[in-house]
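If you read the sequences in order, they're chains P and S.
This note's numbering puts the first residue of the first sequence at 1, with every later residue one more than the last.
This note's numbering puts the first residue of the second sequence at 1, with every later residue one more than the last.
Zero decoy hints are in this set.
Chain S residues, not near chain P, derived (Cβ > 10 Å throughout):
#1 Gly16
#2 Asp122
#3 Gly158
#4 Arg164
Going by beta-carbon spacing under 7 Å, a handful of chain P positions derived as facing chain S:
#5 Arg47
#6 Ala48
#7 Val51
#8 Asp58
#9 Leu59
#10 Glu62
#11 Gly63
#12 Ala66
#13 Leu69
#14 His70
#15 Ala72
#16 Phe174
#17 Leu178
#18 Asp181
#19 Arg245
Partial pick of chain P residues on the chain S-facing surface, computed with a CB cut under 8 Å:
#20 Arg36
#21 Gly40
#22 Asp44
#23 Thr67
#24 Gly71
#25 Arg75
#26 Arg177
If you're looking for bench data, these hints aren't it; they were derived computationally from the structure.
For each residue, glycine too, the CB sits at the ideal point set by N, CA and C.
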Amino acid sequence: MTAAPDPDPADPDLAGTDLVTRLTGLVDALRAHGLRIGTGETVDAARAVEVLGLADRDLLREGLAATLLHGAGGRPVFDAVFDLYFPRGVGVPEGGADADREALRARLAEALAANDTAALARLAVEAVDGFGGYGGSPGSDGWSAYQALDRLRPQTLLARVRDEVRGRDGSGSFADRLLEDEIRRRIEEFRRLVTVEARRRAAERRGRDEIARRALAPTADRVDFLLAGKDRLAEMRRTVRPLARKLATRLAARRRRAARGTVDLRRTLRGSLSTGGVPVKPVLRRRRPARPELVLLCDVSGSVAGFSDFTMLLVQALHDQFSKVRVFAFVNRIDEVTGLLVHGAADPEGLGARIRAEARLTAWHDSSDYGAALGEFTDRYADAVGPRTTVFVLGDARTNMADPHLPAVRDLIRRARRVHWLNPEPRTLWGTGDSAAPAYAELVDMRECRNVRQLDALVGRLLPV
Amino acid sequence: MFTSVDDVSARLAETGYLASPAVATTVFLAARLGKPLLVEGPAGVGKTELANAVARACDARLVRLQCYEGVDESRALYEWNHAKQLLRISAGRGETWDEARTDIFGEEFLLPRPLLTAIRGDDPKVLLIDETDKADVEIEGLLLEVLGDFQVTVPELGTVTATRRPFTVLTSNATRELSEALRRRCLFLHIGFPDAELERRIVRLKAPGVDAALAESVVRVVGALRAMDLRKAPSVAETVDWARTLLALGASTLDETVVRDSLGVVLKHQDDIQKAAAKLDLDAL
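My request is simple: use the sequences and hints to build the entire structure.
Quick look at the structure:
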């Protein structure tokens, strides 16, 4: 029932030129996912393979990761690509087609209870083999992890595995209350193994390079805000704090540079009178030690909520860099939500729900209306914006055919130090359908901000010092 | 330095550092390919300790450069001992200028700083550049020259090239993105939290009085805490601290009271403690 053994050095398939092709294929696939890898690193990777040999797949994986990657962010993509180019086995195990669903579930429960990772890996292969195949004719057939998991339903084994472990170890100890979460994590791991296996088989059928480019999830910082699912958004939120710390360092550096100041020509010349017109001592312009204020206007309607939530958290994490941060949320009415974002109290996951529950954001319909919201902002919160304030508007500028209310924006520009607009939609979609983006973009500096990477660059550059 | 990956694990273990396969493989590669090793990871997973352990395992001298904001060439590379040079000049009154000049820029008046120390000499050395991200961007240019070719140019002495490359470890906490050029010259290693099995062994090694059952429950609870999305997830250092605390408290098993009373050893923020207490069903603190 086992798949072909690990690639070994004696395997002629993997020696010489084929290995080089495979390695460069792997590098190409990683580059297609936005990882920057130079030729030098590829050569290093080849030397690593030479030194480590092909006998141990885990060593090979770590060796290649050490030589090819430059940061921890690329690791998930690397692991997935590695699984395709250096698979655990090749081909399809023999005689597994008539698998019995209940028997497999029983063995799975046993492996989960024992936390036997090797057995789980074997069972994942069997699961894909027995339940993941679809289509009859060559060309339309394939392997689906979704289908295999749907038939096997490993998540329903939780109670059974828990009882099994309790029956064996006895309950009552303190760590016992962690058992369910631990089993959930093991099941999650099994699901991942099944996905990897299904992908490997698909790659054998349709070509590794294609699968590596298309079927793998991109790194978290390149996921579109508007397309990201719940898991990816949660993953992004975990990056908020490290990102904020990095931005804070960058801001501090910019501030230090700015503080050196420029020469104040008028005062230098005036001072030079005492030395007969020779400017012996240059006088530097004094900088006011004022920290800038920040106002955020966030569209939190369903379509762009993920983007706004993320940006709000990011700015809140940066709050000690500014003398004042005020955050306003709107759909078609606007309300201040600064209090809901207070440091520490904010639970990032429930943030969006809390904002929608506690703030008055809608009038008599639920679709976003930028014109009405901006108008209300200039009416009600005019005092929030002064000459030291930088305003960020976050949203896709889709007004649902309502009046964009440009005078309100002009008013905002007149009073604020600067106004920036971050739009999570790709630039090519601006102005299509009900988007009022071009009209707003004529007045304010509107930028495309589709993923964490772009946001990071923009925020680092645009935030006032 | 090392003959195989297993050799790395075994010799590091002798010095009291239990390495995961990823760590052992990368250390082996770094030694074999002669490239510097850039180590990143959360605080308290043993990044600095890795360099110490390699130095002990190879009987090498550890040369350490602690980076901080404003560290410069004269702190990192070398400096002339100005006071001594002045003394020398005033002592040799009758000399000609040429004699004095060749003399005061000699070995005797050079103060080698860590980078130069690591490159000169034939004895094996481990160079640790700690918290590289704290240093300014300008110092990275210097590191590029040193780590790329392991050579340094001192205008008065000429170019010093390493006869024996030091095993180099750079650590970073990622407060600032290191430049791509520096990353390219290094092998990259991310040390994360160890898996349960390895962490149990670490606990048993660092807190010898803890029995297997207690170590197991400690590691399980810490594992659960890490899955909780806290402000600061507990690191290996905290796990070991906790095990030692339990030992000092005389607790032989984990129960609700013990965990509640000692949770502050593992978690360092009040809201983390509250969150964890709620999730672990501890009574209100």
